[in-house]
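Given the sequences, and given the hints that come with them, work out the whole structure.
Taken in sequence, the protein lines are chains A and B.
Going by the numbering used here, the letters in the first sequence line up with residues 1 to 251, in that order.
Going by the numbering used here, the letters in the second sequence line up with residues 1001 to 1340, in that order.
A few of these clues could be false.
No more than 30 Å apart at the CA atoms, straight line, and that leaves these computed lysine-lysine pairs for DSSO-like [claimed, not checked]: (1) B:Lys1242 to A:Lys75; (2) B:Lys1150 to A:Lys75; (3) B:Lys1285 to A:Lys75; (4) A:Lys25 to A:Lys188; (5) B:Lys1006 to B:Lys1049.
Now the stretches of chain A that chain B is said to cover, found in silico as 3 or more residues with beta-carbon under 8 Å [unchecked claim]: (6) 42-51; (7) 198-208.
Which residues of chain A face chain B? A few of them, derived with a C-beta cut under 10 Å, are [said to hold, decoys possible]: (8) Ile16; (9) Ala77; (10) Met79; (11) Pro84; (12) Thr90; (13) Gln103; (14) Arg109; (15) Ala113; (16) Arg116; (17) Val136; (18) Leu139; (19) Leu161.
It is worth saying that the hints were derived from the structure and are not from the lab.
We put the beta carbon where it would ideally sit given N, CA and C, even for glycine.
Residue-level listing of the chains:
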Amino acid sequence: MLRIEHLSCGYGGPPIIQDISFQVKEGEKLCILGPNGCGKTTLLRALAGLLPSNGTVELMGTSLHTLPIRQRAQKLALMSQFSPVTFNYTVYETVMLGRYAHQTNGFLRGESAADRRAVEESLRLTGTWELRERLVTRLSGGQLQRVFLARTFAQEPQAILLDEPTNHLDLRYQVELINSLKSWSNAKGHCVVGVFHDMNLALSFADSILLLNHGQVQSYSKLKDFDLSLLDKIYHMDIRGYMAASLQRWT
Amino acid sequence: MKYQTKMAALLFAALAALLFGIGIGSVYVAPGDILSILANHLLHTPLPKGLPVSYPAMVLNMRLPRVILAFLTGAALAMGGTVTQSILQNPLASPFGLGISAGAGLGAAIVITFGLTAVELGTFLLPGVSLGFSLATVFLVVFISSHLDKGVSNVTIILVGTVFSMFCNAVMNFLAASSPAYGERIQLWLLGSFSMKEWNAVCVLALITAIGLIFFLFYAREMDVMAFGEESAQAMGVDLIKLKRTLLAAIAALTGAAVAFVGVIGFVDLIAPHIVRRWFGAAHKKILPASALFGGTFLVLCDLAARVLLPAREIPIGVITALLGAPFFLYIFFTGRKGH
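Quick look at the structure:
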C-alpha cells in the first residue's frame, strides 16, 4: 500500500500543494485530476522524493523519503512528462537503463540474466520489442512514450507514478498503454498513480480519483462514488454536457 | 560493424597517426626506422645500418614526446568533452564553457607577467599554477551554482561558467595589455603548442589521462542514465547532485591538466564526441575509450599539419583545430536543421 499523509511542498516560496492525504492499495490504480497549475506534477515529484516535502510518504510500511535514493528507486518509479532525447541510444539500451537501481556498482559492470529478462518482458508488454535495435532519436513521439513506459516497467518497482503518460499517443496506443498498465498492475499486484488530462481515459483506467485544485484535495473517492458534477465547478465548464455532445457524434 | 572491429580500426588509425607524426618533419624517418629506434631503446636490439647518428636522439627526445603529448592532450580533451556533453545533456557543450580554459589562462598570465619562479617546481610551475587556477575556477562555478540553485541545474552551471570565463578572460587580457613585453608570450601560450615539452610533462599527463579514463568508465552507467534528463536520472536512483560535482571536478582536473601543459586548444572536445557517437552509439563504456583514441589521433594529425603546412614555420595548433572546427559546426548545424 502507498500511504500519503498531510503532504505539503513547494519550490521555495508558498507551498504549491498542501495537506494532501490518500492511500493506494496493492493492485489499485489512482488517477489525479485537476486543471493546469493545480499541483499534479508537483505532487508526483514530491512523492518521488525529487522535491523536499513535509508529511508522510510510505510504501508497504517503509518511509520512502528516509531511504537512500537508489533503494527508493527500487520501490518507486516515476515516468516524467518530459524526458530529453539528446543522444543516439538504442531502444534496448534505453530500457536497460531502467535496471540501474537493481545493479551493483563496479567498473564496466555488465547486465545480469535478471536484467535481460526484465527488459525483454517490459519491451513485449509495451509492444516495443520489434523496435529494440532502433535509435531512440529516430522514433515517433508515441513510440518514444512506449519506450519510456517500458523503461519504467523494467525498473520493477512496487509502485509507479505517471505524469501524463498518454502524451503524443494516438487513440489506439493510448488504449494499449492503459491496458498495459492495467495488466502490469493486476499481474504484479502493484499500485499505479497517474496524472491524465484526458478524462475519458482517466475514468476508464482508475479505481479511485483524487481531484485537486489550487494545491488542495477537492475530492478523494472510489470511481463509483466520484461526483462528476465537481468537475464542472473545478474546470468552470459544463463537462458532462460537453462529453454528452461528443458522444452524440459517435451514435 | 561490431564494436570490437571499429575499435581495432581506430587503434590502427591511432598507431598509424603516431608513426606519421613521428616520421614526418624536417627530415623523414621511415616507420621501420622508428620502430627500430624504439626497440633499440627498450630492448637494446641493434639499430639499422646506415641510420644517421642523429636520428635516435631526434626521435626519442624531440618527436616522440611531442607526438605522445599531442595524443594525450587530444585524448584528455575528447573525454572531457564527452562527459561534459553528457552531464549537461547538450551535444554542443564544452568543458571550456565551465571556465576551465579561462582560469588556466589567467594562471599562466599571472606566472608570465609577474615572472614567478619556484626552484622546487622548475618547469612545472606554470602548468601547476594554471591547473590550480582552472580547478579553483570550476570549484567557484559549482559552489556559486549550488547557492543560486539548490538543484544545481545545467542552465545555472552554464550561465555561471560563462560569467567566470568572461571575468578570467578580462583579467588575463588586462595583464597582457598592461605588460606589452609579455602580451605576445601570453597570446602564444593561449594558442597552444606541443613544442619544447619534456618527457616529465608527458609522464604527468599520461598518468592523469589514464586515471581520468578509468574514473569516467567507473561512472559510465550513471552518465548513460543522466543523458535522459535530471528528473529521470533521480527517479531511476542516481544521486544526481553528488555525481555532478564529482564528474565536474574530474573534468576540471583532466581538461585543466591538458590546458595547463599545452595551452588552449579548442574544438577537439566538441568534434571528437560528436563523431564518435555517430560511429559507436551513445553508451559511455564504448564512447569513452573511443573518444580518447579518436581525440588523440585527431590532434596528432592536426599537429602534423601545423608543422608541415608552412615551410620552416609552425602554425599554432589552436589555429588548425579552429580552421577544421568552424566548418564542422556549420555542417552539424545545417544537417541538424535538415533533420527537423
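Right, here's what the structure says about each hint:
1. B:Lys1242 to A:Lys75: Judged against 30 Å, a Cα distance of about 21 Å means the pair holds.
2. B:Lys1150 to A:Lys75: Holds, because 25 Å separates the two Cα atoms, which is no more than 30 Å.
3. B:Lys1285 to A:Lys75: Cα-Cα ~27 Å, so holds.
4. A:Lys25 to A:Lys188: holds (12 Å)
5. B:Lys1006 to B:Lys1049: violated (38 Å)
6. 42-51: holds (count 4)
7. 198-208: That given contact is violated, which follows from only 0 residues of the region 198-208 of chain A lying within Cβ reach (below 8 Å) of chain B.
8. Ile16: violated (15 Å)
9. Ala77: holds (6 Å)
10. Met79: holds (8 Å)
11. Pro84: holds (5 Å)
12. Thr90: Holds: closest Cβ of chain B sits about 7 Å from Thr90 of chain A, inside 10 Å.
13. Gln103: Holds, about 7 Å.
14. Arg109: holds (7 Å)
15. Ala113: violated (18 Å)
16. Arg116: violated (15 Å)
17. Val136: holds (9 Å)
18. Leu139: Interface hint status for Leu139 of chain A: violated (13 Å vs cutoff 10 Å).
19. Leu161: holds (8 Å)
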